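Student: So the sequence shown is numbered by the working numbering: it starts at 5 and just counts up by one.
Calculated directly from the structure, the hints in this document are not laboratory data. Fair warning: this is a prediction, and the values are worked out from it, not measured in the lab. Heads up, the beta-carbon is just placed ideally off N, CA and C, and yes, glycines get one too. Careful, some of the hints might be misleading.
[What the hints assert, rightly or not] Computed spacing ranges between beta-carbons, pair by pair:
id : residue 1 : residue 2 : range
1  : Ser-401   : Ser-93    : 18 to 28 angstroms
2  : Asn-366   : Lys-463   : 19 to 29 angstroms
3  : Lys-468   : Asn-366   : 10 to 20 angstroms
[To be verified] The list that follows gives simulated cross-link-like pairs (lysine-lysine, DSS-like), each with its CA atoms no further than 30 angstroms apart:
id : residue 1 : residue 2
4  : Lys-174   : Lys-160
5  : Lys-468   : Lys-455
6  : Lys-377   : Lys-423
7  : Lys-335   : Lys-463
8  : Lys-448   : Lys-461
9  : Lys-437   : Lys-414
10 : Lys-335   : Lys-448
11 : Lys-353   : Lys-403
12 : Lys-434   : Lys-448
13 : Lys-369   : Lys-330
14 : Lys-61    : Lys-25
15 : Lys-57    : Lys-32
16 : Lys-353   : Lys-195
17 : Lys-35    : Lys-25
18 : Lys-160   : Lys-245
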Amino acid sequence: MIFIYFIMLSIVITLTIALRKYHIDFKKHLKKHEHPFSFLYGLCFFLTDTYVKAYNKIKPNGPEPFHSLKSKMHMLYPGKNISEMLYISLAKRMAAGIAVFIFFMSAGLIYSVSVLLGNKNVTELSRPNDGSDSVTYTLIADTNDTTEQIEVDISKKMYEYSEIITLFDKYREDIITAMLGENTSSEYVTKPLSFPSSIGDEAISLSWQPENLSFIDLNGELIYENISSEGTHTCVYITMKLSDVEATLMAGVILYPDRSDRSSLLHAEIMSYINENNSPYSSTVSLPSNISGSDVAFFLPDNNSNLIFFPIGIITCIILLFASCKELNSKVRFRNNQMLSDYPEIVSKLLLLSNAGLNIRNAFKKITEDYYKGLSANDIPHYAYEELSITLNSLNSGKSEATAYTEYGKRCRLMPYMKLGSLLEQNLNKGAKEMRFQLGSEVKNAFQNYKSETITKSKQAETKLIFPMLLILIVIMLLIMVPAFMNM
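With the hints as extra help, turn the sequences into a complete structure.
Tutor: What follows is the structure in structure tokens.
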């Protein structure tokens, strides 16, 4: 494979160097960041020309090569040199592919060379040192006549008795260190012990047996409630085994409560106090008032009362959601009420300006100009006049008057304005006299409706005042009656 990779790379590199100036005029104005593989374009141009020549020989009467691509480029780049742009477009595609090809050929060559250099003559094999009984090696046996791949099983190393004893002595300190785990000394053990199953490259198997399971369990966990604060002496028996040879090691430790684990320490001291100062025949159990020189108080846990915050949070979110919807609805009502209040004024202005000789379009313009002249920065905009301005802009942009007036009524979404828009649209061809007559009727109706709406709003306001008036009455009665009863 090394030979194949080398030949492929050599061909590509040689052609790239030899054809680097092929159609070099096409590459003069190219930007490097847009064409990172432009050094390969000479080769790509040559391959393109070779394909075109071969295609023309094979199909002399066939369609032009790259016909579809050329037609698209004519549409995208009218008036430009399509031949040059076609060459560059094809070269950019081909160069990317060639660059990837070069990368993989180079990677294959490097890997093949590394494998070749790594395949040295093997004169010996290592036995397994991970505790397994055997290991399988795959070897290539190269003879004068043939080359064969074989698998060889190598068993683990066997140790003599003296070697095993030496290994036990060697790992004695390592076993003690491994057992202590996070503890720094066997004379002050506060953290759980570690009981590994093996140690060393020779995989010496280890088995552990605490002297007293009331202090240390089989997993090395300390039972703090049974451990004295002054220190508890105990030991752990460790059985080391390699091949058929066993040896037992005794490791002495002094256990203390874990001062960093406040919860475990408190539990141990409280249980010790309860066991020492309470009778099992008593119906109640007394608790200590002092632990390790510090006062202690006990409380029964609240029955998950903190969970109440969850439903309260959910309910609050729902209330806020409805409140925001209510606020939005109130804004819509304000807009509708404002437009209804402005309606009589707008139709009366239309009628007045119409009687003065202005057509509806110019009347809209005059009303809008007067509105913006009297509008200051702090004033609340009036939606009806803003809609009039939008309608006027539509008319100035070329929209027909009939369409603009109808859309004005639809945008307002209120019956009086929809009626006004329809009235203006229908009377465009009936003349100014007929329209002024209908506008006059509409003004009378608008003011009559405004009067009725004002009466309705006043009644609603009176209804809303009943409740606060009742509260005031109750407070006055209490202020009068309470002192009277106190003096009786």
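Student: Take the hints in turn and mark each one as holding or not.
Tutor: Tested hints:
1. At roughly 43 angstroms, the beta-carbon separation of Ser-401 and Ser-93 lies outside the given 18 to 28 angstroms, and the hint is violated.
2. A C-beta distance of roughly 41 angstroms is found between Asn-366 and Lys-463, which places it outside the suggested range of 19 to 29 angstroms.
3. Distance hint check for Lys-468 and Asn-366: the Cβ-Cβ separation is about 44 angstroms, which falls outside the suggested range of 10 to 20 angstroms.
4. Among the hinted pairs, Lys-174 with Lys-160 is consistent with the structure: their alpha-carbon atoms are about 20 angstroms apart, no more than 30 angstroms.
5. For the given pair, Lys-468 sits about 20 angstroms from Lys-455 by alpha-carbon distance, which is consistent with the 30 angstroms threshold.
6. Between Lys-377 and Lys-423 the alpha-carbon distance is near 28 angstroms, which keeps this suggested pair within the 30 angstroms criterion.
7. At most 30 angstroms may separate the alpha-carbon atoms for a hinted pair to count; Lys-335 and Lys-463 meet this at roughly 22 angstroms.
8. At roughly 20 angstroms between alpha-carbon atoms, Lys-448 and Lys-461 fall within 30 angstroms of each other, so this suggested pair holds.
9. Restraint check: the Cα-Cα separation between Lys-437 and Lys-414 comes to about 26 angstroms, which is no more than 30 angstroms; the hinted pair holds.
10. Under the criterion of a C-alpha separation no larger than 30 angstroms, the hint pairing Lys-335 with Lys-448 is consistent with the structure, at around 28 angstroms.
11. For the suggested pair Lys-353 and Lys-403, the alpha carbons sit about 23 angstroms apart, so the restraint of at most 30 angstroms is met.
12. Pair hint Lys-434 plus Lys-448 holds up; C-alpha atoms about 21 angstroms apart against a cutoff of 30 angstroms.
13. Using a Cα cut-off of 30 angstroms, the hinted pair Lys-369 and Lys-330 is violated, with the two alpha carbons roughly 36 angstroms apart.
14. The suggested pairing of Lys-61 with Lys-25 holds, with an alpha-carbon distance near 26 angstroms, which does not exceed 30 angstroms.
15. Proximity of Lys-57 to Lys-32 is assessed by CA-CA distance (about 25 angstroms); at most 30 angstroms being required, the pair is judged to hold.
16. Of the pairs offered as hints, the one joining Lys-353 and Lys-195 is violated, with about 92 angstroms between alpha carbons and a cut-off of 30 angstroms exceeded.
17. Among the hinted pairs, Lys-35 with Lys-25 is consistent with the structure: their alpha-carbon atoms are about 17 angstroms apart, no more than 30 angstroms.
18. Taking the CA atoms of Lys-160 and Lys-245, the gap is near 15 angstroms; set against the 30 angstroms cutoff, the hint holds.
Violation of the numbered hints given earlier is confined to hints 1, 2, 3, 13, 16; the remaining hints are satisfied by the structure.
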